[in-house]
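Fit chains V, R and F to the supplied structure of chain Z, relying on the hints for placement.
There are 4 protein chains.
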Amino acid sequence: MTFKKIAFVATDVPEAQEALKRLSDRYGDATPADADVLVALGGDGLMLQTLHKHMHRGIPIYGMNRGSVGFLMNEYRDDELLERLAAADIARLHPLRMNATLANGTKHEALAINEVSLLRETAQAAKLRISIDGKVRMPELSCDGVLVSTPAGSTAYNLSAQGPIIPIDAALLALTPISAFRPRRWRGALLSHHAKVRFEILDSEKRPVSAVADHREYRDVVDVHVEEDPTIDLLMMFDEGHSLDERILTEQFLY
Amino acid sequence: MTFKKIAFVATDVPEAQEALKRLSDRYGDATPADADVLVALGGDGLMLQTLHKHMHRGIPIYGMNRGSVGFLMNEYRDDELLERLAAADIARLHPLRMNATLANGTKHEALAINEVSLLRETAQAAKLRISIDGKVRMPELSCDGVLVSTPAGSTAYNLSAQGPIIPIDAALLALTPISAFRPRRWRGALLSHHAKVRFEILDSEKRPVSAVADHREYRDVVDVHVEEDPTIDLLMMFDEGHSLDERILTEQFLY
Amino acid sequence: MTFKKIAFVATDVPEAQEALKRLSDRYGDATPADADVLVALGGDGLMLQTLHKHMHRGIPIYGMNRGSVGFLMNEYRDDELLERLAAADIARLHPLRMNATLANGTKHEALAINEVSLLRETAQAAKLRISIDGKVRMPELSCDGVLVSTPAGSTAYNLSAQGPIIPIDAALLALTPISAFRPRRWRGALLSHHAKVRFEILDSEKRPVSAVADHREYRDVVDVHVEEDPTIDLLMMFDEGHSLDERILTEQFLY
Amino acid sequence: MTFKKIAFVATDVPEAQEALKRLSDRYGDATPADADVLVALGGDGLMLQTLHKHMHRGIPIYGMNRGSVGFLMNEYRDDELLERLAAADIARLHPLRMNATLANGTKHEALAINEVSLLRETAQAAKLRISIDGKVRMPELSCDGVLVSTPAGSTAYNLSAQGPIIPIDAALLALTPISAFRPRRWRGALLSHHAKVRFEILDSEKRPVSAVADHREYRDVVDVHVEEDPTIDLLMMFDEGHSLDERILTEQFLY
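Protein chains in written order, with this note's numbering: chain Z, 19 to 273; chain V, 19 to 273; chain R, 19 to 273; chain F, 19 to 273.
Only chain Z is shown next, with the shape it has when bound in the complex (with noise of 0.2 Å):
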């Protein structure tokens, strides 16, 4: 697969910003819209954002690590761009879309690529219901918070919370507990790519609870709905021998 127009995105760092400078001067610049790639040059916080930004247009996306955390992006080169690019592995992976009901009545909806969590805003713990396809599972989870992740996810915040690092193609979700206080022991769930999973805040009023999708913030929810958007495809590009499965592989191996 080779590509020719070439849009490039930079954090707003030096080292970034003079990535930017050199590699437009010598590969071309295209406008986004105009780009059949889009070269990313930062971290993996920088990957998620060019995802969001770029979302319904499916256009692929190679990252360049010019950041601190750079789970997701290639390793910097200014050299043979267009020869990695055309060799590189593509991951096609799905989005969660959030849909969150506040206490105030009004409803949004958001898309997350690695991960949906709710987390206790005040002193008070969060008192959850949670169901899987229309069932209820967890009549009350006294907890910090809860998330659902992505395998792309699984590293990330669901890593923290020790749930389990999930392989890309594993069509699943993890569905991880944060600090559970009762039941006490619950460690989380693995669940089927296409569970539809619904939070119910329960004592809402006394102990108010946020959720997130990626870094999005949503205070004070009542109702939260989260599932797999199969219509939509990211597409991240990784140089050959270091496709995502193998990064998943590797960052399992590690200690």
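Just so you know, these hints were derived from the structure itself, not from any lab. There may be inaccurate statements among the hints.
Chain copies aren't distinguished; within one or between two, either way the pair holds.
With a cut-off of at most 20 Å between alpha-carbon atoms, the simulated DMTMM-like pairs for lysine to aspartate or glutamate come out as follows [unchecked claim]: (1) K214 to E269; (2) K214 to D187; (3) K145 to E235; (4) K153 to D257; (5) K224 to E139; (6) K153 to E258; (7) K145 to E223; (8) K39 to E98.
Structure of chains V, R and F alone, referenced to chain Z:
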């Protein structure tokens, strides 16, 4: 040991208020200032409140369960109160003293019987530096939060965060991370009860953190010191054969 | 789907033998070779035995619980067996194929429905090298042992070793360490069901290791290969509304 | 404190034997019976051996690392040995005393500095009843095994089995299950160092269990008692600033 002047306190639910009336009629009702023992009718929340309120007097407190969570409470009975008080074991505990400096420069001191916990206030991970006895032991913990727990508190929030349950007489504090992101598999530490623990909040403007001493919350802390205060005695009374030691041992064999 | 020739098998306890007699009288009793369905009366142990014994025939097996552990068994009832068989969901699973080389040079092959586990035989820690698809991923694991589990086995030994419960249709295998000493906090990995896993036993004379395929044990192994065998179908039948998927989902919400 | 008569012991590897020769030439070499301090040249294995061998004499032991695992050893240096010995901190520990009854009726006693562990000998899960101070606390634990660890041993096998690291002066023992099957999420307990722990092996003919006191193994045990022996002092010497307390604290902050 015999007790002659009993003061009763109760939570504001019918079950507790009715017990308060019956017991006051039967056993008299001294004022707290006048009493040589306090009898608390409610759940663990009331016990903690009562301990806080009368902490500096060193008066023993005997709880009877009229609430939902009664780990610190004795079984409720109308009869034989004087005999039970006379026969009870007294557990002597010390609280944690927290000194917190806020972003606005104010300083606050609070005591905690269970734990002092720090938690991120927003979707941004907290970044903390942890020192023990003046020496940095964890240069940067990226996490949802962290807590210091007494043995008495080790079955509460500490347990939710996967910290160990500690016997009352162990002379230890538990330092337990809450969803540690980096280092990702750090499980916390058991510290000497003499340990002076300091948390410095890094990047606190972008990543605001709250501190909670038992249920009292302080928003936007930047520096938090925690240590046991051995000069304050908390005296809780437990029926024979149901000492706090025994309860904590039992708790460790629950599953 | 209707079944006409039923062969019954039962464990050797009165409860199971009496059921065998009643059901044979009522529904006839074909020989296993002649039958188009097997009905197993006992616990999970019998189900595994029966699956092993008839593995190469691809005949469906319907279990009814007459034992103590019945995760794979349907509820026992005398009545309506034909209707239940006709309405049952069939779960199609594949076993693991283990190829083990022993210290004496002999080679052994075995199939496992739940898991292949390796465990040290003596007080000496096992030292293992783990490769996935021909690539060393863990150069030296010092441990009590390690296991590879199918989704069906993920609620068995894998769960005891703190491995994740895996939905039946997830196309994954769990690789889970047993008391890892170094690297001390390695938690294992979820692998593609295509993964070819190899364990080389290091220092095997001083540190002997046994391998177990389900309940079949091989002492003093030096090299063990494990992979799914997709050419063998295991067919287990479950009452409507109690499919294996449903059971594994339920299991994940137990506490 | 000054030491005049030094006896050296060394493991049987060139690195240790050469050090032995150099140091004996330089500092003299008393017989162990004659010495007032032992200097052990090797790794933790040698330290444990030396402690065991001279346990009843209460002689202090100073280790210098000539092996691979040196948690209990000081840094190796040829020079300034007398000064280092004079300045060293002495940690005073007590061993565990194990009394095991075997299936053949014989009784065996052994001491353990790190831990007493029980482990199944075959593919059959062990079934154990656990009592503390004469009271059954766990009627039936189905598992790979279980261990009792001293604080000194808490960074060894106990840590592999996910048990907590315990400060040296905490006066606690860790009781930690190894791959618990039922109750499946039991995590063990921290016990008073006065606790008398008893393990009864259930169904021991079908499910044989071995007991190991440090590295000494007893096969086919049926009843095992474990408790601290406060009458035996183990004296280990550590360089200033590298006390055992400090080492264990440092270990808890490793990741």
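I'd like to know which numbered hints this structure contradicts. Please list them from smallest to largest. Every hint satisfied by this model.
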